[in-house]
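Below are the chains, spelled out letter by letter.
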Amino acid sequence: MSPPTPRPTEADEITRMSLCEAAGAIRDGRLTSLRATEACLARIERWQPRLNAFIAIEAEEALAMARARDMELAEGRVRGPLHGVPLAHKDMFYRQGKVSTGGSKIRRNWVADRTATVIERLAAAGAVQLGTLHMVEFAAGPTGHNDHLGDCRNPWNPAHMTGGSSSGSGASVAARLVFGAMGSDTGGSVRLPACACGVVGIKVTQGRISRYGCLPRVWSQDCMGPLTRTARDCARMTGVIAGADPKDPTASAEPVPDYEAGLEAGIAGLRVGVPAAHFDVGVDAEVRAALDQSLEVFRSLGAEIVRVDVPDPRTYYDLADTISKCEGTAVHAQWMQERGADYSPQVYARQETGFHIPAVRYIEALMVRGRLLAEFVEAAFARADLLHIPSIPIPIPTRADTDVRDSGGVPQLLATITRYTRPINYLGVPALNVPCGFSKSGLPIGMQLVGRPYAEGLLFRAAHAYQSATDWHEWTPTI
Amino acid sequence: MKVSAELIRDQAKALHDIELTEKRAKELAAEVERLNANVARAAREHFDFDDDPGAFPRILSQLKG
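For the record, the sequence lines run as chains A and B. By the working numbering, the letter at position 47 of the first sequence is numbered 49, and the numbering carries on one by one without gaps. By the working numbering, the letter at position 36 of the second sequence is numbered 20, and the numbering carries on one by one without gaps.
One chain only, chain B, in its complex shape:
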């Protein structure tokens, strides 16, 4: 999944009213692309339909030492 500097620059302006330089848009695009891909991969490998973020404290308690 390619994330372009143009997408980031346009999104910054349209959604957040922030002007980005071309250089900064490129930097952000590279970082967003990397994180987006890595989280998507982790989700593909581990996601379960019934997973609930709110269950995390309960899982901590279940696994306590």
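If we strip away everything but chain A, and leave its shape as in the complex, we get:
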């Protein structure tokens, strides 16, 4: 199989740049923010009917913002490392005075009264926002289905799921509609669409990025994070938005390193840990083969592949699920009681269990979290610097196969999709999806690199080394 070779337009040539390449071209004067924005809008016009990736396209505002960025550059003013770069974000990052739907019917016309810290920091770094992106209703689902908006569709094959809940973020970045997009990850909602759509996506260390002004899903496990085409792009966006925030007391005060500075250091001598057990359960042969090939790439780059014994992640999965259901239900309890019919049945059902879990169980799940984290870190990272595990252990399923309205076996399939992402949210450690191949059906396969707390820089470095030796991230879907 070889990469598709479409006839590119000028807009296609521009949007094929990585985020960092586009930012560099804008800063050097080889490209204007206006032209980059027009190129994205041209591509959005062609792809939106196929993907349903955008909820709102803010063309005029984006063009005006791009012109302003170009004017600033002409005056010698550079806002920051994203100056003039067009982005769009999952429709859950509030902007004061703007509608933020959360992918829901209930908030279809809700106007935000504050602006998310993440949005403020991206704007301060010079980014241009093109609009808001499709998401699963209230960020409560791993597939990209949405009864109110229609489903988001995978750019590699619209019959297949995008993954969720950051469905539009995955689809729009993969289809080169934007140079990067923000998502959120509570049980895999950045990594799953990143995997299914073939892009890079990070779940950061719990608390690494402010949650202020973001739609709440599960306070203790929500992590905001970017989806991009390259590890370098992801490092740049993460560096812009990470760090302490006086508006969010749960945001960590740990210093934010320069994630891009160490990218070229290589991975000679890096110990890549492969779990000896537990993380191979239910892994499809095609996925396994791609993961094994990626390990060979790491080995060829000088890394040492080591077997490590790690605890069974099913315990973490159930603890994460319990917390998720309890906090999620608490967030939605009043609306569920008063406006239950305004939820799609599957989202209502996902939340409903939380009404019946004893509070003591919820608190116990939180109490043992630190102890289990310490045990996991000791087991996983005593002999390894990072872990290499599947993102989604099966080939990307179709939208029909994952439609909870149609099939009795779907809940089990959804649990399979999140098997190796949700436990990571309980542990709070960082994890990065990196594309590592395609299935015979032409859908992406991803690996998940997992690190110790605050080891995002190491994950970016390993992923960058891998992408320097492979070209999966350069494959482009065509209409």
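Mixed in with the good hints, there may be bad ones.
Chain B regions said to be covered by chain A (calculated; three or more residues, Cβ under 8 Å) [claimed, not checked]: (1) -10 to 0; (2) 18 to 32; (3) 35 to 41.
Estimated spans, in silico, between C-beta atoms of each pair [to be verified]: (4) A:344 with B:-3: 19 to 25 Å; (5) B:45 with A:360: 43 to 49 Å; (6) A:126 with B:37: 29 to 35 Å; (7) A:11 with B:6: 55 to 61 Å; (8) B:38 with A:472: 38 to 44 Å; (9) B:34 with A:332: 44 to 50 Å; (10) A:332 with B:42: 22 to 28 Å; (11) B:38 with A:314: 25 to 31 Å; (12) A:62 with B:6: 36 to 42 Å; (13) B:21 with A:442: 36 to 42 Å; (14) A:385 with B:29: 20 to 26 Å.
Keep in mind that the hints were calculated from the coordinates and are not lab data. Note that the Cβ used here is the ideal one computed from N, Cα and C, for glycine as well.
Based on these hints, arrange chain B on the given structure of chain A.
Chain B in isolation, oriented as in the chain A frame:
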């Protein structure tokens, strides 16, 4: 620990003013029973009297790479 559909249905009505069908009460009972048992087991194996959920961010920092 058995969680019955009746318990779930009665609790839904009494505590949350929600009416459940018998089928849905059974589904929820099975899920609650499973999660309750698994969390209780994890707590039995790992719980320490002095564990504080608020310590989690500090533990993340202590274990940083």
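The hints, checked one at a time:
1. -10 to 0: Coverage by chain A holds for the stretch -10 to 0 of chain B (5 residues, Cβ < 8 Å).
2. 18 to 32: It holds: at least three residues are needed, and the stretch 18 to 32 of chain B offers 11 whose Cβ sits within less than 8 Å of chain A.
3. 35 to 41: holds (count 6)
4. A:344 with B:-3: 19 to 25 Å: holds (21 Å)
5. B:45 with A:360: 43 to 49 Å: The hinted range 43 to 49 Å is violated for residue 45 of chain B and residue 360 of chain A, with Cβ atoms some 31 Å apart.
6. A:126 with B:37: 29 to 35 Å: Holds: the Cβ-Cβ distance is about 33 Å, inside 29 to 35 Å.
7. A:11 with B:6: 55 to 61 Å: Given about 59 Å between the Cβ atoms, the range holds.
8. B:38 with A:472: 38 to 44 Å: holds (43 Å)
9. B:34 with A:332: 44 to 50 Å: Hint violated: Cβ distance 26 Å, outside 44 to 50 Å.
10. A:332 with B:42: 22 to 28 Å: holds (25 Å)
11. B:38 with A:314: 25 to 31 Å: holds (27 Å)
12. A:62 with B:6: 36 to 42 Å: violated (54 Å)
13. B:21 with A:442: 36 to 42 Å: Holds - the Cβ-Cβ distance for residue 21 of chain B and residue 442 of chain A, about 40 Å, lies within 36 to 42 Å.
14. A:385 with B:29: 20 to 26 Å: holds (24 Å)
Checked against the numbered hints above, the structure violates hints 5, 9, 12; every other hint is satisfied.
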